[in-house]
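Enquirer: Place chain Z on chain U using the hints.
Chains as they are written, first to last, in our numbering: chain U, 1 to 197; chain Z, 1 to 274.
What the hints contain is simulated information worked out from the structure, not anything from laboratory work. Any given hint could turn out to be false.
[As the list claims (entries may be wrong)] Restricting the straight-line Cα-Cα distance to at most 20 Å, the calculated cross-link-like pairs of lysine to any residue (SDA-like) are:
| # | chain 1 | residue 1 | chain 2 | residue 2 |
| --- | --- | --- | --- | --- |
| 1 | U | Lys156 | Z | Pro102 |
| 2 | Z | Lys197 | Z | Phe187 |
| 3 | Z | Lys78 | U | Ile112 |
| 4 | U | Lys156 | U | Pro49 |
| 5 | U | Lys156 | Z | Asp265 |
[Stated by the list, open to error] Per the computed footprint, the stretches of chain Z lying under chain U, defined by three or more beta-carbons under 8 Å from a beta-carbon of chain U, are:
| # | stretch |
| --- | --- |
| 6 | 217-225 |
| 7 | 231-238 |
C-beta atoms are modelled at their ideal positions from N, C-alpha and C, and glycine is treated no differently.
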Amino acid sequence: MTRRNLLGGLFSGAALAALPSGVWAMTADAAKRLVDLIVADINKVIDAPTSESAKIAEFEKIFVRYADVPTIARYALGVDSRRASEAQLDAFTRAFQVYVSRKYGRRFREFIGGRIEVQKAREVKNFHEVRTIAHLRGESPFEVAFLVSDRSGQPKFFNIFIEGVNMLLTERDEIGAMLDRRRGDLDALIQDLRNIS
Amino acid sequence: MHTPAFFPKTGFSADAARAVGIARLGLSACLVVGLAGCSVPDSDDAPGDIHDPYEETNRNNHELNRALDRGLIRPAGKGYASTLPAPVAETLSNFGSNLSLPGTVVNNLLQGNVGGALQNTYRFAFNTVFGIGGLGDPAGDFGITEVETDFGATLHVWGVPEGAYVELPILGPSTERDAVGRVVDLFTNPLSYTLPKPEKYYGTVANAASKLGDRGRYSDTVDSVLYESADSYSQSRSMYLQNRRFELGSDDDDAYLDQYDDPYDEIYDDPYSE
Numbered sequence: 001m002t003r004r005n006l007l008g009g010l011f012s013g014a015a016l017a018a019l020p021s022g023v024w025a026m027t028a029d030a031a032k033r034l035v036d037l038i039v040a041d042i043n044k045v046i047d048a049p050t051s052e053s054a055k056i057a058e059f060e061k062i063f064v065r066y067a068d069v070p071t072i073a074r075y076a077l078g079v080d081s082r083r084a085s086e087a088q089l090d091a092f093t094r095a096f097q098v099y100v101s102r103k104y105g106r107r108f109r110e111f112i113g114g115r116i117e118v119q120k121a122r123e124v125k126n127f128h129e130v131r132t133i134a135h136l137r138g139e140s141p142f143e144v145a146f147l148v149s150d151r152s153g154q155p156k157f158f159n160i161f162i163e164g165v166n167m168l169l170t171e172r173d174e175i176g177a178m179l180d181r182r183r184g185d186l187d188a189l190i191q192d193l194r195n196i197s
Numbered sequence: 001m002h003t004p005a006f007f008p009k010t011g012f013s014a015d016a017a018r019a020v021g022i023a024r025l026g027l028s029a030c031l032v033v034g035l036a037g038c039s040v041p042d043s044d045d046a047p048g049d050i051h052d053p054y055e056e057t058n059r060n061n062h063e064l065n066r067a068l069d070r071g072l073i074r075p076a077g078k079g080y081a082s083t084l085p086a087p088v089a090e091t092l093s094n095f096g097s098n099l100s101l102p103g104t105v106v107n108n109l110l111q112g113n114v115g116g117a118l119q120n121t122y123r124f125a126f127n128t129v130f131g132i133g134g135l136g137d138p139a140g141d142f143g144i145t146e147v148e149t150d151f152g153a154t155l156h157v158w159g160v161p162e163g164a165y166v167e168l169p170i171l172g173p174s175t176e177r178d179a180v181g182r183v184v185d186l187f188t189n190p191l192s193y194t195l196p197k198p199e200k201y202y203g204t205v206a207n208a209a210s211k212l213g214d215r216g217r218y219s220d221t222v223d224s225v226l227y228e229s230a231d232s233y234s235q236s237r238s239m240y241l242q243n244r245r246f247e248l249g250s251d252d253d254d255a256y257l258d259q260y261d262d263p264y265d266e267i268y269d270d271p272y273s274e
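Bound conformation, chain Z alone:
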C-alpha cells in the first residue's frame, strides 16, 4: 500500500510499516475489550466531530512521539532522503508496495469490492512480471493504480463505528477501529504465509525504509505540523481524522458535502444581499 503522503503523519514504525497509511497505525484498548468495547460518542457521529475521551493520554503519547521523531526518525529520514538517489528510493518503495498488494486484495474481497480486487491482482501480476519483481511500476503508467484499502476500512464497511481517536506511542494518530485494523493487517497478507524466511520480510523492510524516506521527502510539511503549529496535537488529530474519513467515504460523491461550509454566509451578515 502506498498512500499519498502529502499530509504529515506523526508516527513511524519499522516493524509495522507494512500497512503504510501513514498515520493509521495502531494497537488499542479496543483490542483488549473487543470490538464491542469501542468507545462511541453519545450523539450521532457527525462529520467533523472529534471524539477524544483519551485526550490526556493521547497528548502524552504525542509528546513522546515528537521526542522520538526529533531525536531519531527526522534525522534518519532526512539522511535517507538526501543520501539515496530518488530513483533508487522509488524502486525500493515500488518493491515494498507491490509485496503488500496481496494483503490489499484480501481486504478488497472482504469488503465485497471485486473490481478493486481484480485491479489490484492485475497490478500485482503486471508489476511482478514486467516491473521485474515489482521494482518498477509499469502498471501505474497504464493507469492501473492501486485501489488502496486496509482492514480498518473493512471494519468500516462492515459497520463497525470509528470509536475514539487515539494517538499511539511510536505508531501515531489512529482511531480505535483503525488500531484494530492495523493489528489484523499483520496477518492479512497471504505472502507472509507462503514466502520462506527471510524473503517474507523483504517487503516489510522495504516499506519501513520507504516510510523513512517519506519522512525525509516531506520533511517541511511534517515539520510544519509537528514543530511549527501552535497546537501540534490538535492539528495532527484534525488532519488524520479528516483524511481518514475522506478515504473511507471517497466512493460516495456526496460524502463530504456537509463539510462544505459556506464562509460567505458565516463571516458576513451577508454583505452581498443589500
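This is chain U alone, in the form it adopts within the complex:
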C-alpha cells in the first residue's frame, strides 16, 4: 500500500465515522462508475435486436435500478406531495415509474445505431454531475448530463439534462398540468398515469 492510499484510507475511515452513514461518502469517481454502468446498460438495449415493448420493459428495469425513483416522483408531484397520504404517494410513485418508462423508453427507436459516451464527473453542490455525449446517426453529437447522489442510501441518479433540458423540471410542469386538468384529483391522476400507453 502506498502512503497516499494509506492516508486516503485513514481519512475516508475517519470521515465515515464522523458522518451519518451514506452522507457525502461518494466521490466523483463513484458517480462516474454509476453512469458508466447506466450507459453500458442503455447501449446494450439500443443494440439489442428486440421489439419496442421489450426495450421499454428493459428501460423500466434500468430506471428502477439506477434512479432514485421515489425522490424523482416526489419532486415531480411538487407541493401536492405534502397533502398526499403515504398510500397515495406509494401509488403515485409506482404509476409515475410506469409513465416515465413508457414515455422515455419509446425514444430508444431514435437511438438505434447511436451510442452514449461518458466524459467526466465532478462534484457540484451536494451531488455529482456526470457529463456524457450522445451520438445519434446523422446528428451532431449532443450533451446529456446525469446528476447523481447517494443521499437515498445508495448512489443513484436523480435528474438528467438532455441538451440543457431538465427532465425533473419538465416532468414537474407536466404532472402539475395533468393535476390541474383533473382539478387536483390525485387518485384520478394516478389511475390515468398507469393507463397512458
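Expert: For chain Z alone, kept in the frame of chain U given last:
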C-alpha cells in the same frame, strides 16, 4: 446547420428551413419596433424564468401550429421518413447542412469565434471535396463537427437581451431576439450571393426536406409533447427556452449550475439529517 433533434420542436417552414435549429424560427414584433423595442422583464433575467407577455397570442398561434402539424406536416414527415431509405435521407441532410455552413462561419466571425470559423471552414472544404459536394460527412468521422451557431446567438454575444418568448405561426417557438436572428440569417449565407439560380436554392430545399424527415424520425417524441402532454404550449415553451439558453451558454462550464436544483433539500425536510 444541423441541430440535434432530440427535443421536439413545433414549427416547420419550407422556405426558412435553412437555419434549421428546430424551433428557433421567427419573425417578430421586435423587428417592427427595432432591437431596442425588445420586451425585457422587469427583474434581472434569472435562468429558468419565463417572460411571456404575449401568452394569449402565442397560445392561439400554438393551436394554429398544432392544426397545421396534424393535418399536413406530421403525415408528410412520417411519409418521408418511411419512404426514403435512411442513408438517402442522411445524404440529403448532409448536403443541405454543408451548404449552410458558410452562413455559420459568418456568424462565428461576427462573434469573434475565430476557432469556430476555422473549424467550420475546414469542415466545409473537407466535406465539399471528399464528401462529394457535401453528400457525405467524412469530416464528422474525423471529429470535425460543426460549431453550430446563428445570428440569434450573435445578438446574444453582442449583449442583446433575449426579449419575450414568442410562438410564431408556422415557424414555432422562438424569442424576440431569435426571431430577429432568423430573419437576418436569411441574408448571412455568402453562397446565396455567389451561386446562380436555381443552384442557390438547393441547400434550402434539402434542409426543408431534412426537417420534414426529422419530424417523421422523431415522430413519437414530437407527438408526446404536442399531443400527449397536458399543456403542450407550456411544455414546448419550457423545452425551447431551456434548450436555447443551454446552447447559448454551453461554452461556460458553470452556466447551468443555478439550474441544478437539489430535490433532496426540497422534497424532504431533510430526512437524512437525523
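Enquirer: Against this structure, judge whether each hint is valid.
Expert: So, going through the hints one by one against the coordinates:
Proposed proximity of Lys156 (chain U) and Pro102 (chain Z) is contradicted: the alpha carbons are some 44 Å apart, above 20 Å. At most 20 Å may separate the alpha-carbon atoms for a hinted pair to count; Lys197 (chain Z) and Phe187 (chain Z) meet this at roughly 16 Å. Between the alpha carbons of Lys78 (chain Z) and Ile112 (chain U) the distance comes to roughly 17 Å, so the proposed pair stays at or under 20 Å and holds. Simply put, Lys156 (chain U) and Pro49 (chain U) have alpha-carbon atoms about 28 Å apart, too far for the 20 Å limit, and the pair is violated.
Straight-line distance between C-alpha atoms of Lys156 (chain U) and Asp265 (chain Z) comes to about 16 Å, which keeps the hinted pair within the 20 Å bound. Counting residues of the stretch 217-225 of chain Z whose CB lies closer than 8 Å to any CB of chain U gives 5, so the stated coverage by that chain holds, three being the minimum. Three residues within the 8 Å Cβ limit are the bar, and the stretch 231-238 of chain Z against chain U gives 4, so the coverage statement holds.
The earlier numbered hints that this structure contradicts are 1 and 4.
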